[in-house]
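Student: Spelled out from the first residue to the last, the chains are:
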Amino acid sequence: MAMTTVIDGEGKGGNGGKRKSQPPKKPLKKKIPELEGHDEKSWRLYSGSGLLIKPGSLFKLHKSAYENWGIEVTDENKAWIKSQAEKYYDKDLQERDEKSVDIGSLTIQPFSHYMSSTTQTVGKIVKQIMRKLKGKKDMIKICVLGPRNGGLVVPMISNIRNLDAKLLDRIQFYLVEPSIKVEIARNILPTYGVNEIEKTSDSGFSIENKIDEKSLSTQEDEKFDLMVSLFHLHCKPFPNHLFEMHRVMKDDAALVIADNYSPLWYHPAFVYELLKEIKAGENVLEAFKKYFSFRCVDKPPLTEFEQGALRDHKKYMLKVVEELRKGPDTEKPVFVFRAHKTVEEGIRELCDNGFTLMAERRAELYPEIDGIPGMRLPYHIIDDSEYITLMVAFKG
Amino acid sequence: MVRKTFSDVKKINSINKRIKGLTKRYPLQLGSVLRVTYQALENWGIKVTERNIGWIEQEVCNDYKKDWERAEKTTYDAIHRAVENSGLGPGNEQLNVNLAELSVEILMSMAKLKTKHDRISLCDIGAGEGATTGAILREIKTRDPKILKRLDLYFLEPSKGIIKIYDLMEAYPEVENPQYMRATDYSHLPRLMQGSFDILVSNAVFHHNTFPTYIDEVQRVLRDDGVCVVGDWYTEVWYHPEYVAYIMKEGLKVGEKELRGFLEHMGISDFEEVREFWNNCSDDVRERNEGMLRYIKHIGIEMEKLKSPESADLDSEISEDSTEVEIPSVEDIKEGKKKISKLSLLEGHETHEDRKKEFAKRGFETDPRKVKQCLACKNIEDAEIETVPPMFAVVNAFPKKSTGDTPHISSTPPRGVRVSSIPPRRGKSRHSTPPESRRLPRPPRKIRY
Chain D
21 MAMTTVIDGE GKGGNGGKRK SQPPKKPLKK KIPELEGHDE KSWRLYSGSG LLIKPGSLFK
81 LHKSAYENWG IEVTDENKAW IKSQAEKYYD KDLQERDEKS VDIGSLTIQP FSHYMSSTTQ
141 TVGKIVKQIM RKLKGKKDMI KICVLGPRNG GLVVPMISNI RNLDAKLLDR IQFYLVEPSI
201 KVEIARNILP TYGVNEIEKT SDSGFSIENK IDEKSLSTQE DEKFDLMVSL FHLHCKPFPN
261 HLFEMHRVMK DDAALVIADN YSPLWYHPAF VYELLKEIKA GENVLEAFKK YFSFRCVDKP
321 PLTEFEQGAL RDHKKYMLKV VEELRKGPDT EKPVFVFRAH KTVEEGIREL CDNGFTLMAE
381 RRAELYPEID GIPGMRLPYH IIDDSEYITL MVAFKG
Chain H
17 MVRKTFSDVK KINSINKRIK GLTKRYPLQL GSVLRVTYQA LENWGIKVTE RNIGWIEQEV
77 CNDYKKDWER AEKTTYDAIH RAVENSGLGP GNEQLNVNLA ELSVEILMSM AKLKTKHDRI
137 SLCDIGAGEG ATTGAILREI KTRDPKILKR LDLYFLEPSK GIIKIYDLME AYPEVENPQY
197 MRATDYSHLP RLMQGSFDIL VSNAVFHHNT FPTYIDEVQR VLRDDGVCVV GDWYTEVWYH
257 PEYVAYIMKE GLKVGEKELR GFLEHMGISD FEEVREFWNN CSDDVRERNE GMLRYIKHIG
317 IEMEKLKSPE SADLDSEISE DSTEVEIPSV EDIKEGKKKI SKLSLLEGHE THEDRKKEFA
377 KRGFETDPRK VKQCLACKNI EDAEIETVPP MFAVVNAFPK KSTGDTPHIS STPPRGVRVS
437 SIPPRRGKSR HSTPPESRRL PRPPRKIRY
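Note that the protein sequences, when read in sequence, are chains D and H. When you number the first sequence by this note's numbering, it's gap-free, plus one each residue, and the end is 416. When you number the second sequence by this note's numbering, it's gap-free, plus one each residue, and the end is 465.
Bound-form chain D, shown alone:
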């Protein structure tokens, strides 16, 4: 599903209503050898350009964008494309700090500020959810997807302690993270009074250094009282993980999602604008435009919040380049393609997998969430943009 899909925008921005992007002029690639060649050629477009950021593999993009980039997903090639995407995301994790620059280590204001605001707001939402869960007699089980080094869990712990310090003795945190950095959580969390679980009846935390699908598939049905997903959904071209997340959640469990949403990688015309802004050479721009065969006027229309996200994502990328130019590692490439999607697409995926974001359901299960000052879900950390958005979903 590309951006040719009908999206019921609120008509606040873009053209509103139904929108269609111009279909690519070249025939779409669908056979595996063709796809291999297509991706390889797309990498070569930037060679010798001296760009500090490079898009990377097309397979890392969200499935709804593939068509705009000349790829057709079929039943035959879907598994292969998915494995390629996973391969490149794994490679990113392994090569970080060695062959490429870890963008997360750069302080890019105001985005660093937005990120810490996000984790703090997640902490506040979790606190409100815990107001109800603390009435449960059994051990409370919380699954956190994408906790990085464990630091992102600290605001949750602080908020829970603030609500009732004794409650931590009845909580099990289950941390799922593909990066080896999750091991650092073993240093961090005990400092905040949460120790590693030794016996299954203990409170504390356990670590799974795996991708969520592999980890969740070993978990029993309806195990968790709360799921928290931190900036990990934008690395998922196909939403199969949502099925597993739905399965392991209890019927009244909440799924708190904090993520980046952006249409930047949806269409080559948006990327072309970015390449221009980071001063890619004329030859690179020309080759890019020619290879993907698009017209700038073909850009899909966007809602006001999507436009805001596009603006902020581009602003962020420009600041990344600015930071990289100051650093000593200018020869290291930074691959930036991710499976970002719009909030609307994200909500649709959740609904397709049995979740609901209805305010009525939230009010029925956890009315306390709406009591947080200024909270209106989906909650945009940046006022007029959905680039960083918080959502709370429930089993429908």
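Keep in mind that the hints were calculated from the coordinates and are not lab data. The C-beta atom is built at its ideal place from N, Cα and C for all residues, glycine as well. All clues stand as given, with none of them false.
Facing chain H, according to a computed beta carbon distance under 7 Å, are these residues of chain D, among others:
id	residue
1	Gln-129
2	Ser-178
3	Asn-207
Computed list of lysine-lysine pairs in DSS-like fashion (alpha-carbon distance at most 25 Å, straight line):
id	chain 1	residue 1	chain 2	residue 2
4	D	Lys-186	D	Lys-152
5	H	Lys-157	D	Lys-144
6	H	Lys-157	D	Lys-335
7	H	Lys-63	H	Lys-373
8	D	Lys-234	D	Lys-270
9	D	Lys-144	H	Lys-162
10	H	Lys-89	D	Lys-346
11	H	Lys-63	H	Lys-20
12	D	Lys-49	D	Lys-102
13	D	Lys-352	H	Lys-89
14	D	Lys-346	H	Lys-81
15	H	Lys-82	D	Lys-346
16	D	Lys-339	H	Lys-176
17	D	Lys-74	H	Lys-89
Use these hints to put chain H onto chain D, whose structure you have.
Tutor: Then chain H, alone, in the frame of chain D:
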């Protein structure tokens, strides 16, 4: 152990040089002993007197100034990674959040007592890249965005990081005309008018100072009903040479020769005595010391990576044996085969109790119960927040002591911030004459962007 102490400047200089020299060839060094908080200097054989205090302060200022000039982005990144990998990172973040919640609670009370057109002035001492003020602005925006328009913001920061605050302020266009001063609290606070600020915040800054004379200035630039909100790390890891000897062996991995030299110089019989000293302290102190030791080990790893990034991979970064760092030989350094980045460790860390005493001495209310009473903020649950237990990172609100029976927070109109010439210092501090050192770090100037 009672050590012989010296007050003569020449002798102190020689003690300092000797200790500095022991770790000179390591990328991570002890650095100047004079940077240790004044309460601990006697443990290092240095007696502070009226005659030598000015010289010590000047030496310390020079030392930090050299550090700032020498430190490159790569060094800051190394520190950042070490903080993250040692598990202290979220503590810094949490300090900002707790400090913001407490400051904004106080600020809201102040705002209620003023007319809606009155402005509220806030200064962030050691603003860094804006993380603390960012957390405060976010909290205000959540609770009452109208207050943002009434804020007079003032940033004080000696490093280049202050430039990042311009970018941060993009997110808060409502705040009019924030003031950026690239200077230190030592050099710049004396230039501000008495009673300039309603609220003064500072996070993870004061532990750099040997002498608490900056508190005199904090007191002076605050309005009579002003409040200082401080977040900081509290350890006594540099108080005793015995702790430092333990860190030299277990954290810095110095050679036998250097360790022996240090022990002899400090009159410690052997390392067993050191180990006993380290283990025999209270659980709380040991826990804090272990935290610092873990950080130092990780700093060692990162400093080593700066020389040869290929030699360290992510696995070794977090393995148990990862503290084994390769130290270049003296010959290598002499021949210039290996260029090393340097970082000094000793700083003016204080215990939480010692810090509170210093604030109390200088006219601040420090008893948490009285502070709460004094601030009359209904929603303040605790004017002293432990961010990382036990008392490792703490946020405190210290209001200036009220002189009368009137409520501490009054409705008198605020005075605007104006840069004035250096005023005479107040109070009965022994440093009533501003030492020369106060003018040593960079001259304050506005950054043009």
